[in-house]
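Novice: Here is how the chains run, residue by residue.
2 protein chains.
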Amino acid sequence: MVIADTALETMPIEIFQHPSLKKIRDSGKKPTEILLDRTFHHFAIVSSALKENYKRGRPDILHIILLNVLATPLFKKNLVKVFVHTINNQVIKIGDYLRIPKSYSRFEGLVLDLIENKKIVAKDGTLLLELSDNLSFSHMIEKKIKPDVVIGFSTTGMFKNFGGVCKELFQFKNPCVIIGGFPRGHFSKDIESCIDNMYSVSDLSLEAHVVVSRLLYEWEKINDF
Amino acid sequence: MVIADTALETMPIEIFQHPSLKKIRDSGKKPTEILLDRTFHHFAIVSSALKENYKRGRPDILHIILLNVLATPLFKKNLVKVFVHTINNQVIKIGDYLRIPKSYSRFEGLVLDLIENKKIVAKDGTLLLELSDNLSFSHMIEKKIKPDVVIGFSTTGMFKNFGGVCKELFQFKNPCVIIGGFPRGHFSKDIESCIDNMYSVSDLSLEAHVVVSRLLYEWEKINDF
Chain A
1 MVIADTALET
11 MPIEIFQHPS
21 LKKIRDSGKK
31 PTEILLDRTF
41 HHFAIVSSAL
51 KENYKRGRPD
61 ILHIILLNVL
71 ATPLFKKNLV
81 KVFVHTINNQ
91 VIKIGDYLRI
101 PKSYSRFEGL
111 VLDLIENKKI
121 VAKDGTLLLE
131 LSDNLSFSHM
141 IEKKIKPDVV
151 IGFSTTGMFK
161 NFGGVCKELF
171 QFKNPCVIIG
181 GFPRGHFSKD
191 IESCIDNMYS
201 VSDLSLEAHV
211 VVSRLLYEWE
221 KINDF
Chain B
1 MVIADTALET
11 MPIEIFQHPS
21 LKKIRDSGKK
31 PTEILLDRTF
41 HHFAIVSSAL
51 KENYKRGRPD
61 ILHIILLNVL
71 ATPLFKKNLV
81 KVFVHTINNQ
91 VIKIGDYLRI
101 PKSYSRFEGL
111 VLDLIENKKI
121 VAKDGTLLLE
131 LSDNLSFSHM
141 IEKKIKPDVV
151 IGFSTTGMFK
161 NFGGVCKELF
171 QFKNPCVIIG
181 GFPRGHFSKD
191 IESCIDNMYS
201 VSDLSLEAHV
211 VVSRLLYEWE
221 KINDF
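If you read the sequences in order, they're chains A and B. Using my numbering, the first residue of the first sequence is number 1, and each one after it goes up by one. Using my numbering, the first residue of the second sequence is number 1, and each one after it goes up by one.
Incorrect hints may have been included.
All copies of an identical chain are treated as equivalent in the list; a pair is satisfied when it fits inside any one copy or across any two copies.
To be verified - Capping the alpha-carbon separation at 27 Å, the derived lysine-lysine pairs in DSS-like fashion look like this:
1. K22 to K189
2. K76 to K23
3. K55 to K76
4. K160 to K23
5. K221 to K160
6. K76 to K118
No lab work stands behind these hints, which were simulated from the structure alone. Just so it is clear, the structure is predicted and the values come from calculations on it, not from any experiment.
Same shape as in the complex, but just chain A:
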């Protein structure tokens, strides 16, 4: 599973210098020590010339998706591998059996630590999180994950319910599913070019954390895990 174009990044310098963020500058924090977050930096984001700014500054979306994925029996039994690809082509490998804090402020601290140090390692040496810079989505798919099929989820896709999608995935040895980790808009071109089949799973526009929850649950059922 890849969470793609995820709205996770530290604060771009042009946002940091926005007049509305004087308090933050005065706090002594560097922009690399702050996650871009629409809750606090909305005005600076919307008034910036940041590319596709409507897709950015929503680390809370990743938090909720991961809380849903990592709490499934599937993940707890190490039967799914999870990668996070960000809007800035950083890739985070989620360690096996990882648990992340439900508290957002703890999660934020963890992610900032990861961005600074590129790795989070447990006391016993287990790799919990690893971040690679400048890894494009297509490169990650072709060189790292090497799936035999790539299925994406989007309201622009053809309708297929979760059970139907899982039946299709079941025919492959190393299937890969792609979910958007951003609040609105669509996958970037580089991602779309990697996707073999794009599906819409509901007549309503479902949020990503609902899609992953239902998909992994059906996958558990079809595999009898």
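We have chain A already, so just place chain B on it with the hints.
Specialist: Leaving out everything else, chain B in the frame of chain A:
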């Protein structure tokens, strides 16, 4: 659906006076303006004589459960009513079609506003959230919800999968399901006495937000909603 014994409350006075929280006292905030939160008040909570303190101070759990419930097609089509019962016998009625912020800090602000004003009303007059004080769980069930069956979820229950539970619920006109909104431990006695059948839905101990997601999804499927 009732989220029961939820670990949501403002800061009890005995916690507020704990030596470790001098900074908070100095900030000028009243204890009634602060949600008890293990992330920030852990030491004060564990060293207090607060009853069942292991079940308390986890408003993040409610946030994640609600994000999962309120994002389902079932809720968006107004086919499920949701109540939150807290460890201190406050009851929150969740308004139809409500959306809550994904950002935890915004959610916290909303809840504090609700606790202070007892109601959150939209600009057009729609009731979004309403809080009742001193409403015991059994009273809420008997006088307000009046269900014809009450099903609870707990690791102490008999095993039944989500599909099986939904088939049972399907036989009733106004079934009620009870999920714990606390981090560990079991339902309080008053709640247990209201539950007709208690089920365990997994061989692993599933977190509440996973249970509600899967349950509502199966309920949608069995009803063809």
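Novice: Taking the numbered hints from earlier one at a time, note which ones the structure violates and give those numbers from smallest to largest.
Specialist: 1, 2, 4
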